Each structure stands twice: as structure tokens, then as C-alpha cells.
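Quick one: dock chain against chain with the hints and give me the complex.
Respectively, the protein sequence lines represent chains A and B. Here the first sequence stands for residues 1 to 114, numbered as in the numbering used here. Here the second sequence stands for residues 1 to 112, numbered as in the numbering used here.
Be aware that one or more of the hints could be misleading.
To be verified - Every beta carbon over 12 Å from chain A, so not counted as near; a handful from chain B, in silico:
{"hint": "1", "residue": "V12"}
{"hint": "2", "residue": "G14"}
{"hint": "3", "residue": "R63"}
{"hint": "4", "residue": "L78"}
Claimed, not checked - Below, a sample of chain A positions facing chain B; criterion: calculated Cβ distance under 8 Å:
{"hint": "5", "residue": "F34"}
{"hint": "6", "residue": "G41"}
{"hint": "7", "residue": "L46"}
{"hint": "8", "residue": "K49"}
{"hint": "9", "residue": "F90"}
{"hint": "10", "residue": "Q100"}
{"hint": "11", "residue": "K101"}
{"hint": "12", "residue": "L102"}
{"hint": "13", "residue": "F104"}
{"hint": "14", "residue": "T106"}
{"hint": "15", "residue": "G107"}
Stated by the list, open to error - Part of the chain B face toward chain A, derived, beta carbon under 8 Å:
{"hint": "16", "residue": "I56"}
{"hint": "17", "residue": "V97"}
{"hint": "18", "residue": "Y102"}
{"hint": "19", "residue": "F103"}
{"hint": "20", "residue": "R108"}
Calculated from the structure, these hints are not laboratory results. As the structure is a computational prediction, the values presented were derived from the model and not from experiment. Heads up, the beta-carbon is just placed ideally off N, CA and C, and yes, glycines get one too.
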Amino acid sequence: AQSVTQPDIHITVSEGASLELRCNYSYGATPYLFWYVQSPGQGLQLLLKYFSGDTLVQGIKGFEAEFKRSQSSFNLRKPSVHWSDAAEYFCAVAVNTGFQKLVFGTGTRLLVSP
Amino acid sequence: DTEVTQTPKHLVMGMTNKKSLKCEQHMGHRAMYWYKQKAKKPPELMFVYSYEKLSINESVPSRFSPECPNSSLLNLHLHALQPEDSALYLCASSLRVGDEQYFGPGTRLTVT
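Okay, chain B solo, but in the shape it has when bound (with noise of 0.2 Å):
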């Protein structure tokens, strides 16, 4: 198995809703990484995990809560978000940090 899957493919959420995006991978890998991606741009890292620890947590804003339940899972949980938040959520998966990271097909979520 060497492909990293995204549920769900789609999702639309009110500002008050809660939800949560969820990602998997069997392949072995210790680093997973969660990115946001605006339409026309490139990826923008959010968090980084290794070992099921949180790593690198880039300025992002509390309403976005990531979890790492185990080695194979990473989810992120949505709370209050806003119109802005709107774009593709991208799950990617390295060996190790610093390997080259495999991504998921991501989520694309809408705020409404």
C-alpha cells in the first residue's frame, strides 16, 4: 500500500458547525503533515507530526485543531472556522521529516 487517502472528498460547513478531516496511511511512515492549499497557490505547511508528536505548528490559528491518534492516523478537528478557510486540505506522509512526502487527494472544504 503506498498511497496516503483523505476522508472526506468534500465538505461544507456552516461557521458554528464542527467536523473533522481524517487521514490515513500504512506505508510505515513516522512524519505526517497537514498543508492548505488556495486556488492558484502552493501548498502551505500547517502542522507537522513525528512519532504521533506535534513538531512544528506554523502560526495556525486555534480553530484548527490537529490530532494524531496513532503511527497510521492523523486528523484534523474544524471548529468556528470562517469563509477564508475555505480551500484544499492536503494530508502528506514522509518516513521520516526531511524525506520526501507523500500526499493524499485532499479535502476540499467550503465555509459557508
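Next up, chain A with everything else stripped away, as it sits in the complex (with noise of 0.2 Å):
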């Protein structure tokens, strides 16, 4: 069956410091992959997306993610992490069982120490 594994529940990382968010993916044919951030109570907003082509994308707010088809894995980068960057990160795909629906994973809570 399709998933997405994330597999760090908690990640905290200094105020300046680079950032790498894990996203491992089960999918047979090639996936469409999304990161999503939320923020407490909020809706979700869309960071960045991976159809096809170059396999390093960027995003909004100086994240990237890069597609390894060989490790089945997206993960989300930034060099350099704002106190603002606190929150939610879903990783996501979009799976094809008769009709496309977003599978996401379970999130990774990034808290920003000073």
C-alpha cells in the first residue's frame, strides 16, 4: 500500500542553523511528493512540489527538497533556520487508487531553540 514515513516526530534546531526534514515514501510508479508546513491552528501552506524533471526543487521561504529515487526519499532542506520556521511539516504524495488523493505522512514538529 502506498505511505509516507516521517520518521522524526520532534527535530529542534537552532536559530541559524541548517535543517534537514526526512520523508521516505512507498509508491510503484512515479510519485508526485509535496511538503506542506503548518502552523498551530492553522491551515496548511504548500512549501514546494516534485512532478517530474530536475530532482532538486525549490520553495517558498528558502526551503528545498531533493528527490532520490533511489532511496524512495524527498527530503526538506533549509541552510539556515528562522525562529518563524517553528511548526508542523507534513510530507506528502499523491497516490492514484482509480482517483488521486494526497497520502501525507504523520509530521514532524520543528521547534527553533534561541
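Rendered as C-alpha cells:
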């Protein structure tokens, strides 16, 4: 079955340090992959997406992600974290089960320390 | 206009009440979605509308009744809810099903 795994429930990063959030997917076909961010009590904001082509994709707010087919991974990175980046991050894959829908990972909560 | 709006922001209702959640987008998107999100969990898909027709119902109880009056508007009618239905209800839209989805801010629902 199609699934998305985010192995880290919580991550704490110092402000100004680099960040990498892990995402692994299980899907037979070429996946459509997404990263969303959610601040407390808010909706989800799309950070970036991968459909095809260049495996390094740039997103908003200085985020980027790299698609690695051999590792079934789509990790999110940012070179320098800001306190405002503290939020919940969800990786998602669009799967076709007769009709396309998003399957979300369980999320990673990012905490930023001063 | 690149946003999805949802009203109300907060809703408290009793188990015998009838209420509705509203979602609107003016991006020309033809797919719209309802999700339910419990605390510390990812969103769970409830319904998908494509070109104003219900395409997916993820086995949602009949006390939740979606409606898509036109391509910009999506409603979720609520009746005889249970306390466990308390959650954040998110609406999303995309150009077509399968494209990237844009989410509204959600309605925080509390059932007493």
C-alpha cells in the first residue's frame, strides 16, 4: 500500500543552523511529492512540489527538497533556520487508487531554539 | 486572489444542532476537498468534488453532508454530531484532482 514515512516526530534546531527533515515514500509509480507546513491552529501551506524533471526543487521561504528515486526519499532542507520556521511539517504523496488523492506522513514538529 | 477562505473560524455546537461550514475559492480551481484533522495528526480526507460532482466519499458518516453549489463554493452540513467529531476541518482546492492543493485556514469545531 502507498505510504509516507516521516521518521522524526520532533526535531529541535538552533536558530541559524541548517535543517533537514526526512521523508520516505512507498509507491510503485513515479510519485508526485509535496511538502506542506502548518503553524498551530492554521491551515496547511504548500512549500514545494515535485512532479518530474530536476530532482532538486526550490520552494518558498528558502526551502528546497531533493527527490532520490533510489532511496525513495524526498527530504526537505533549509540552510539557515529562522525562529518563524517553528511549525509542523507534512510530507505528502499523490497516489492514484482509481482516483488521485494525497497521502500524508505523520508530520515532524520543528522547534527552533534561540 | 490566491487563497481559500473558510467560515466560521470557530464553531461550538450541541449534538442536536444543525450547522454548516463554508469554503470559497476564486482561483478557477475545479477540484475541492474536505479534510478532518485531529490534534497532532495529519489531515484525513473526507470528500472530493471534481467539477461540482462528488468524486470521493471516504466512508464518512452521513451526519456529514457535503454540497458544492458552484465551482467556487463548497459547504459541509453538520447534523447530530458526536463529541469525537470535534476537530479542525480543512477545505482545500486544486486546479484539477491530482494537482497541488491549496488549503484554507480551517474551522475549529467543538461538539458539546
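Hints versus structure:
{"no.": "1", "hint": "V12", "result": "15 Å, holds"}
{"no.": "2", "hint": "G14", "result": "23 Å, holds"}
{"no.": "3", "hint": "R63", "result": "22 Å, holds"}
{"no.": "4", "hint": "L78", "result": "19 Å, holds"}
{"no.": "5", "hint": "F34", "result": "6 Å, holds"}
{"no.": "6", "hint": "G41", "result": "7 Å, holds"}
{"no.": "7", "hint": "L46", "result": "6 Å, holds"}
{"no.": "8", "hint": "K49", "result": "5 Å, holds"}
{"no.": "9", "hint": "F90", "result": "6 Å, holds"}
{"no.": "10", "hint": "Q100", "result": "4 Å, holds"}
{"no.": "11", "hint": "K101", "result": "6 Å, holds"}
{"no.": "12", "hint": "L102", "result": "6 Å, holds"}
{"no.": "13", "hint": "F104", "result": "4 Å, holds"}
{"no.": "14", "hint": "T106", "result": "6 Å, holds"}
{"no.": "15", "hint": "G107", "result": "6 Å, holds"}
{"no.": "16", "hint": "I56", "result": "6 Å, holds"}
{"no.": "17", "hint": "V97", "result": "5 Å, holds"}
{"no.": "18", "hint": "Y102", "result": "7 Å, holds"}
{"no.": "19", "hint": "F103", "result": "4 Å, holds"}
{"no.": "20", "hint": "R108", "result": "7 Å, holds"}
In terms of the numbered hints stated before, the structure departs from none.
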